[in-house]
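A.B. asks: Same order as they appear, the protein sequences are chains A and B. Its first residue numbered 1, the first sequence is counted upward by one per residue in this note's numbering. Its first residue numbered 1001, the second sequence is counted upward by one per residue in this note's numbering.
Do not rely on the hints blindly, as some may be mistaken.
[Stated by the list, open to error] Computed list of lysine-lysine pairs in DSS-like fashion (alpha-carbon distance at most 30 Å, straight line): (1) A/Lys133 / B/Lys1053; (2) A/Lys161 / B/Lys1022; (3) B/Lys1045 / A/Lys133; (4) A/Lys184 / A/Lys161; (5) A/Lys184 / B/Lys1278; (6) B/Lys1016 / A/Lys161; (7) B/Lys1053 / B/Lys1278; (8) A/Lys161 / A/Lys225; (9) B/Lys1278 / A/Lys133; (10) A/Lys184 / B/Lys1016; (11) A/Lys55 / A/Lys161; (12) A/Lys133 / A/Lys39; (13) A/Lys225 / A/Lys55; (14) A/Lys184 / A/Lys55; (15) B/Lys1109 / A/Lys225; (16) A/Lys39 / A/Lys55; (17) A/Lys39 / B/Lys1109; (18) B/Lys1109 / B/Lys1278.
[To be verified] Distance windows between CB atoms, simulated: (19) A/Val35 / B/Leu1255: 32 to 38 Å; (20) A/Tyr272 / B/Glu1063: 52 to 58 Å; (21) A/Pro131 / B/Ala1027: 20 to 26 Å.
The set of hints was computed from the structure by calculation and includes no laboratory data. Computed from a predicted model, the values in this text were never measured in an experiment. We treat Cβ as the ideally placed atom computed from N, Cα and C, and that holds for glycine.
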Amino acid sequence: MNSFDLRRRLTNTLMTTLMVGAALAVITPLGIIFVHILKMGAGSLSWDFFTQIPKPTGESGGGMANGLAGSALMIGLASGFGLPVGILGAVYLNEFGSTRFATAIRFSADVLAGIPSIITGMVAYTLLVVPMKGFSALAGAVALALIMIPIVLRTTEEQLKMVPGTLREASLALGVPLWRTSLKVTLVSARSGIITGVLLSIARIAGETAPLLFTALGNQFWSKKMTEPMAAIPLQIFNFAISPYDDWHKLAWAGALVLVVIMFTLNLTARYFGSSRHQG
Amino acid sequence: MSDRVSVAMTDRRVIKGDTIFKGIILALASSIILILLIMIFEMVKESLPAIQKFGGRFLIGREWDAVQGEFGALDFLYGSVLSSLLAILLATPLSVGAALFITDIAPRKVGNFIAPVVELLAAIPSVIYGLWGVLVMAPWLQQSIQPWLVEHLGFLPFFQGAPYGVSMMAAVFILMIMIIPIITSITKEVLLAVPVSQKEAAYALGATRWEMVRLSLIPYARSGVLGAVILGLGRAIGETMAVTMVIGNTPQISLSLLAPGYTMPSVIANEFAETTSKLHASALMEVGLILLVVTLIINVMARLLIWSVTRGDTGARA
Chain A
1 MNSFDLRRRL TNTLMTTLMV GAALAVITPL GIIFVHILKM GAGSLSWDFF TQIPKPTGES
61 GGGMANGLAG SALMIGLASG FGLPVGILGA VYLNEFGSTR FATAIRFSAD VLAGIPSIIT
121 GMVAYTLLVV PMKGFSALAG AVALALIMIP IVLRTTEEQL KMVPGTLREA SLALGVPLWR
181 TSLKVTLVSA RSGIITGVLL SIARIAGETA PLLFTALGNQ FWSKKMTEPM AAIPLQIFNF
241 AISPYDDWHK LAWAGALVLV VIMFTLNLTA RYFGSSRHQG
Chain B
1001 MSDRVSVAMT DRRVIKGDTI FKGIILALAS SIILILLIMI FEMVKESLPA IQKFGGRFLI
1061 GREWDAVQGE FGALDFLYGS VLSSLLAILL ATPLSVGAAL FITDIAPRKV GNFIAPVVEL
1121 LAAIPSVIYG LWGVLVMAPW LQQSIQPWLV EHLGFLPFFQ GAPYGVSMMA AVFILMIMII
1181 PIITSITKEV LLAVPVSQKE AAYALGATRW EMVRLSLIPY ARSGVLGAVI LGLGRAIGET
1241 MAVTMVIGNT PQISLSLLAP GYTMPSVIAN EFAETTSKLH ASALMEVGLI LLVVTLIINV
1301 MARLLIWSVT RGDTGARA
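Excised from the complex, chain A in its bound form (with noise of 0.2 Å):
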């Protein structure tokens, strides 16, 4: 093997390593952040905290039930603003996707995605927190709404892609309206798809906490409506996690388990219904 042979081989052996070496550097901070996750929480988590509201500094003990029911509230009144607005938006896009317009709302929708989500809220609350004199879970939502859209908006129109257009044009000459096809046909064919998109989207917010910081503000107790301050779980890991409490540091790792878990599963669901074997 001559010299020039052998340096190709070598360079190629030490750049195959420094890839391999890469990876594992990927790989080992974010293990060792899961593993942590996994320890603390599960050292810190009790049937207390899906039961329980706060306990005041000094007590220990407490749980995150309020903040658990304000995100289940707030996500599902944000997926009732965001979804038809995604969805349907993607059934536009589907149908009359080729013109300039609908190109402008595809930049728009992926420029959106990508502003951070805090101006998201600093928005929210010039929009709904002045008028309205207040905190609410409700402006809390609307910023949750505004980070989903674009997300539902894109994955839907891919999965609506894939949607055969033989499939709809047997439809259409059956006679029956675009309406109904677009409903009934394209949206139902696509529907794994859809819910992946829908899931991933819901993961996304769930652990959203700057677009709340001003919106929704956090809540030590129970919040009797939606136009009051109101707790969610991402807030309250936030608030105990810089809090000097040890009391409240346990309670912000069990919060943070039960937050991974939760995204890891819609995530993992979202995956089957994308996965290849559940399609058509």
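With chain A fixed as given, assemble chain B onto it according to the hints.
C.D. replies: Only chain B this time, still in chain A's reference frame:
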């Protein structure tokens, strides 16, 4: 006769139903452009008092005094730019290497395992990274890494001062860990979009694996990878919670990575809910506006680059 009438009526109903349906979906789709415009408009409108009062001074001023009503954002700009750029510098080679490992080196089974794991980790909320950062990583940095740096590399301006744990360095590390999964998974998609024939051609000419990567993959995927990196930069500069929790929230411009700092999203997160005056709120809005403009530019650039490789397939998910 009656048949014909009913057919005509159905036709009209069909047309009417379709018109209404088209109207509805058009309105919903258009609302996305409207939302973007409203967001930009509101941010500009609310920033106007601060823009009119301070003008260009806002960008170079270092005074941030809510009591005196004097606001300059340079310290936050510095913190945002420095933390994001350092994080990107550290994250890019690791992410690209890991993406190449997944697509071209690992046995398919290993790659098929690592890729979804990396994507799952990209889904972990930033507040959880922050929780780990402030309770585990910062104390660890304070006790082991930072004293070592002070002792051995303390002659450099970057590693001077007392080790606090919460610091610019902690922010850089946590940002790096957070953006790696994003850059890795987009780079992976871009690499997979390279036609197999390109790779086979290189191998057929007797190229080693690295030569194939250098000659076939990189030239083809370059703009897409650049897009992924810029998108990661956008994510890093807008990242709020994790950074707020570990950077120390002290407005200052220090060369030392051990010193605490402050970023644009952090000052908004800390002060916006409790502003003391209209001007204070407006100044924070202007910080938000700067952030918005920067991320808009970054995102438009990144999208165009990624779209040029994957032809619009990589949507808002990324």
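A.B. asks: Range first: 32 to 38 Å. Now tell me if the beta carbons of A/Val35 and B/Leu1255 are that far apart.
C.D. replies: For A/Val35 and B/Leu1255 the Cβ distance comes to about 35 Å; the hint holds.
A.B. asks: Has the hinted range 52 to 58 Å been met by the Cβ atoms of A/Tyr272 and B/Glu1063?
C.D. replies: With a Cβ separation near 55 Å, A/Tyr272 and B/Glu1063 satisfy 52 to 58 Å, so the hint holds.
A.B. asks: Can the restraint linking A/Lys55 and A/Lys161 be considered satisfied, given a maximum Cα separation of 30 Å?
C.D. replies: 51 Å, violated
A.B. asks: Is the Cα-Cα distance between A/Lys184 and A/Lys55 30 Å or less?
C.D. replies: 50 Å, violated
A.B. asks: Between A/Lys39 and A/Lys55, is the straight-line Cα distance small enough, at 30 Å or below?
C.D. replies: 23 Å, holds
A.B. asks: Against the 30 Å threshold, does the CA-CA distance of B/Lys1016 and A/Lys161 hold or violate the hint?
C.D. replies: 26 Å, holds
A.B. asks: Could you grab the alpha-carbon distance between B/Lys1053 and B/Lys1278 and see if it respects the 30 Å cut-off?
C.D. replies: With Cα atoms ~12 Å apart, B/Lys1053 and B/Lys1278 stay inside 30 Å; holds.
A.B. asks: Quick one, are A/Lys161 and A/Lys225 close enough, alpha carbons at most 30 Å?
C.D. replies: With Cα atoms ~41 Å apart, A/Lys161 and A/Lys225 exceed 30 Å; violated.
A.B. asks: Between A/Lys133 and B/Lys1053, is the straight-line Cα distance small enough, at 30 Å or below?
C.D. replies: The given pair, whose Cα atoms are some 26 Å apart, holds under the 30 Å limit.
A.B. asks: Measure nothing beyond the straight line between the CA atoms of A/Lys39 and B/Lys1109; if it is 30 Å or shorter, mark the hint as holding.
C.D. replies: Satisfied, since the Cα-Cα distance of roughly 28 Å is no more than 30 Å.
A.B. asks: Taking only the CA atoms, is the gap from A/Lys184 to A/Lys161 under or equal to 30 Å?
C.D. replies: 15 Å, holds
A.B. asks: Against the 30 Å threshold, does the CA-CA distance of A/Lys161 and B/Lys1022 hold or violate the hint?
C.D. replies: Roughly 18 Å separates the two Cα atoms, so the pair holds.
When each numbered hint is compared with the structure, violations occur for hints 5, 8, 11, 12, 14, 15 and 18.
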